[in-house]
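Asker: Protein chains in written order, with this note's numbering: chain U, -3 to 272; chain F, 67 to 356.
What the hints contain is simulated information worked out from the structure, not anything from laboratory work. Careful, some of the hints might be misleading.
The list that follows gives simulated cross-link-like pairs (lysine-lysine, DSS-like), each with its CA atoms no further than 27 Å apart [to be verified]:
(1) U/1 / F/169
(2) U/42 / F/293
(3) F/270 / F/293
(4) F/212 / U/219
(5) F/166 / U/4
(6) F/128 / F/319
(7) F/212 / U/4
(8) U/51 / U/219
(9) F/128 / U/2
(10) F/270 / F/108
(11) U/4 / F/319
(12) U/219 / F/293
(13) F/137 / F/166
(14) F/293 / F/169
(15) U/2 / F/108
(16) U/1 / F/166
(17) F/293 / F/108
(18) U/51 / U/64
(19) F/319 / U/2
(20) F/270 / F/137
(21) F/212 / U/1
(22) U/219 / F/270
(23) F/128 / F/293
Treat the numbers as computed from the prediction; the structure is a model and nothing was measured.
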Amino acid sequence: MKITKKGKFSSYLVLIFSSFLALFPLFWTFSTSIKDRVDTYTLPPKFFNFTPTFKNYTSLFQIDAFPKIYLNTLFVTIMSTIIVLVIGALSAYAIARRSSFRGRSSLEALMIAVRALPGIVLLLPLYRLSSFLGLYDSLWALIFIYAGFNLPFAIWLLTSFFRQIPIELEEAARVDGASNTRMFVKILLPLAMPGIVATGVFIALLSWNEFLIPVIMAGEGSKTLPVFVASFISNRTLDWGPMAAAATIALIPIVIFTIFIQKYLVAGLSSGAVKE
Amino acid sequence: MPKRMKLTRPIGQFTFGAWALLSLTVLIPIFYGIYISFLDIKLSSFLPPQFVGLDNYVAAFKAPETWATLKITLAMMILGMLVQIPLGMALALVLHRNLKGSKVFSSILITPMLLTPVAVGLTFRFMFDTDLGIINWVLESFGIDKINWLGQQTTGILAVVLVDSWQSVPFVMLLLVAALGSISPQLYEAASIDGATSRQTFWKITLPLITPTLLVVVMIKIMDFLKLFDTLFMLTRGGPGNETTTLGLWTYKTGFIFLEFSRAAALGVLIMIISAPVYFLWRRSTKEVK
């Protein structure tokens, strides 16, 4: 279809305006994080005409628990992502290559349940179970629950990547007598690597952002960054500078990551909703 | 094909890990949650729990909060869809034109959906601040009086929906861009040969063909508004009072703030029942596509 000049102009207008809306809050958080109190609490707001300061960041780093919180978040994110990738790749291989096997449809039912149910429904019983088992406030409890809640997403995503690998490659190996495991390790894994990496980044992102699980399951010992960021607001004195600094520190890894994985973003984000 | 059959070996054991993990974190909790809902556990008491039958359910049905928070959830859901689907649609249509630079714009536009919801909530809470917030400052420059966004029900619900929309319009947009991309260009060519206006083309060709995707979007929105927690928690905590509290947040408050653990579990079961129709529709729709 031909697009008129006027149509083109208004399209760009829409795109530019909505991009501005998408980016402004990010800019605003960052700029608040490098303002001192006076510049933050002033109207009209100061967009560029202020002297930047890193006071908010230094006050954040002076909080004793902060390094530990950051490391907790990193550890939980990395470990749960690894678990999800290992378990997810194996399951996705089975789902991608066989239209039916024992337990397939109940597994899929379970996966959809995770997508459909609000986390709080599962976390109430999980909270009590983990207190019984002495796992309250343990990083490993967080890791496994994160992994369980993110697994379905990874399986959907990986299945679509595995399906793109031609089955003929496997059939040739079959004739040579390769086992399922050998086939998976020698043929599927190397070819699916880009997809696995992309999935890993997504799962890491979801884990990094997770709030409900740690706010219920983590005490002081296993507190994560989102819980820390949230705890700022319960203080009566709303000090926006350090808050914005904390938010910026949570957001920086995401912005860096997403620049690297641009290529896979779209496929990844819509997986599980659009079945190829 | 006998040759192919011989080559196919059972593979179900590859899913063993998934079964183990999902049993621990999903299946067992679902049944244990149902079990808890028939007891009288309070986190404030160490007495051994007693079986109380349907008491928690009766209490939940009698409590005005259950219905009030359900109504708020539905209000957010409907308002959210009214905002997000048309906006996502408009952006998808613009991106579908494939103008120069579309790719760059689309990667900018999807940034919000990747960001930590808690940090997003914090940022917007600052922006919605009555006296210092930049949103009221912009409105004032248009001559609109200061609004106490987060301090009252209507504007509070609106603010929560707007922030959620900021994060989820890109998702709706992505799904619709994919749907638009799968429509055969020949249909449009045929339409333009027949002299159809662009409005007619939209209503007679585009819309009917993307309806299945729109239904998927509606289902996802229903699930996501039942799940809504992080940004809501950061923006209003369900306040003032319970005036912006959703059913999910109410379940959380019941269990972990009022310490009525079994009562909360019963609310959890109610949420399961409410989401069941969506669940079955979703299963059916994913099966059909295969």
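Asker: Which earlier hints turn out false for this structure, listed by number in ascending order?
Answerer: Structure breaks hints 2, 3, 4, 7, 9, 10, 11, 13, 14, 15, 19, 20, 21, 22.
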